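The lines below spell out each chain.
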Amino acid sequence: GAVVSQHPSWVICKSGTSVKIECRSLDFQATTMFWYRQFPKQSLMLMATSNEGSKATYEQGVEKDKFLINHASLTLSTLTVTSAHPEDSSFYICSASFAGGPETQYFGPGTRLLVL
Amino acid sequence: AQTVTQSQPEMSVQEAETVTLSCTYDTSESDYYLFWYKQPPSRQMILVIRQEAYKQQNATENRFSVNFQKAAKSFSLKISDSQLGDAAMYFCAYKVGGTASKLTFGTGTRLQVTL
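So the sequence lines, in the order shown, correspond to chains A and B. Taking my numbering, the leading residue of the first sequence gets 233, the next gets one more, and so forth. Taking my numbering, the leading residue of the second sequence gets 3, the next gets one more, and so forth.
Please note that the accuracy of each hint is not assured.
[Stated by the list, open to error] Facing chain B, from chain A, some residues (calculated, C-beta under 7 angstroms):
#1 Leu258
#2 Asp259
#3 Gln261
#4 Thr264
#5 Pro272
#6 Thr281
#7 Gly285
#8 Phe299
#9 Ser329
#10 Gly333
#11 Gly342
#12 Leu346
[As the list claims (entries may be wrong)] What the simulated footprint calls covered on chain B by chain A, stretch by stretch (three residues with Cβ under 8 angstroms from a Cβ of chain A suffice, anywhere in the stretch; the number is not a length):
#13 16–27
#14 64–75
These are calculated hints, taken from the structure and not from any lab test. Fair warning: this is a prediction, and the values are worked out from it, not measured in the lab. Idealized CB from N, CA, C, for every residue including glycine.
Put together the whole structure using the sequences plus the hints.
Listed below in structure tokens is the structure:
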């Protein structure tokens, strides 16, 4: 149980275009979803926390207009990288938890983004 | 602010041997949780073990066990009978209570397992 999927698993796009990454909880209702970014050989950096039906809370230094997060349902959150540039190339990981559940975040498999 | 420190960037262990990965953290909270996550080359984050701060007993999961020293704010992971499949990045993480609270990760320890 507690499976989280991400789509796509990898994406290549041209500079200036927008890219949407989906994060789905497959067998539970995710009241909270988290978006992380991971550079090669580095740790996970939290970008934002989103609660279903509410605006996302962004970490300091993360541009909310650049990284649009939507958590419209209890099973889906999306991260849209707007006007992507090569420096946005990274590995993006989502995780999810549910109210009343164990104190654990369940992670998706990640999305590798390459901006040319 | 809470911080998590992993002082060993890399560790190596021979197959079937035991290895201990170190983690220290800083917090003023009393209700919190500690985790060890494994990230293999696939980059999928896998929960290895979880420890509730209010529990004095150290958590164990098969070959994985922790040494939780609350006063010293130390949370080390011991892997017994190491296997080739244990080779991965290991991240120590901390969060306060509440399923909406965020995880704070350490910088990670890369574990190599040799024959």
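Restraint: Leu258(A) near chain B, CB-CB cut 7 angstroms. Satisfied or not? Because about 14 angstroms separates Leu258(A) from the closest Cβ in chain B, which is outside the 7 angstroms limit, the hint is violated.
Supplied contact hint for Gly333(A), tested at 7 angstroms Cβ to chain B: Status holds, d = 6 angstroms.
Any CB of chain B closer than 7 angstroms to the CB of Gln261(A)? 11 angstroms, violated
Report holds or violated for chain A covering the segment 16–27 of chain B, Cβ cut-off 8 angstroms, minimum 3 residues. violated (count 0)
Minimum Cβ distance from Gly285(A) to chain B below 7 angstroms? Nearest chain B Cβ about 13 angstroms off; hint violated.
Does Pro272(A) hold up as a contact with chain B if the rule is Cβ-Cβ below 7 angstroms? Violated - the Cβ of Pro272(A) stays beyond 7 angstroms from chain B, reaching only about 10 angstroms at its closest.
Mind taking a look at whether chain A covers the segment 64–75 of chain B? Criterion is 3 or more residues with CB to CB distance under 8 angstroms. violated (count 0)
Evaluation of the interface hint that places Ser329(A) against chain B, nearest CB under 7 angstroms: Holds. Min distance 4 angstroms.
With a cut-off of 7 angstroms, does the beta carbon of Thr264(A) approach a beta carbon of chain B closely enough for the hint to hold? 4 angstroms, holds
Would you settle whether the hint for Leu346(A) is holds or violated, based on the nearest Cβ-Cβ distance to chain B being less than 7 angstroms? 15 angstroms, violated
Was the hint right that Asp259(A) lines chain B, CB cutoff 7 angstroms? 16 angstroms, violated
Using Cβ atoms only, decide whether Thr281(A) comes closer than 7 angstroms to chain B, and label the hint accordingly. Because about 6 angstroms separates Thr281(A) from the closest Cβ in chain B, which is inside the 7 angstroms limit, the hint holds.
When each numbered hint is compared with the structure, violations occur for hints 1, 2, 3, 5, 7, 8, 12, 13 and 14.
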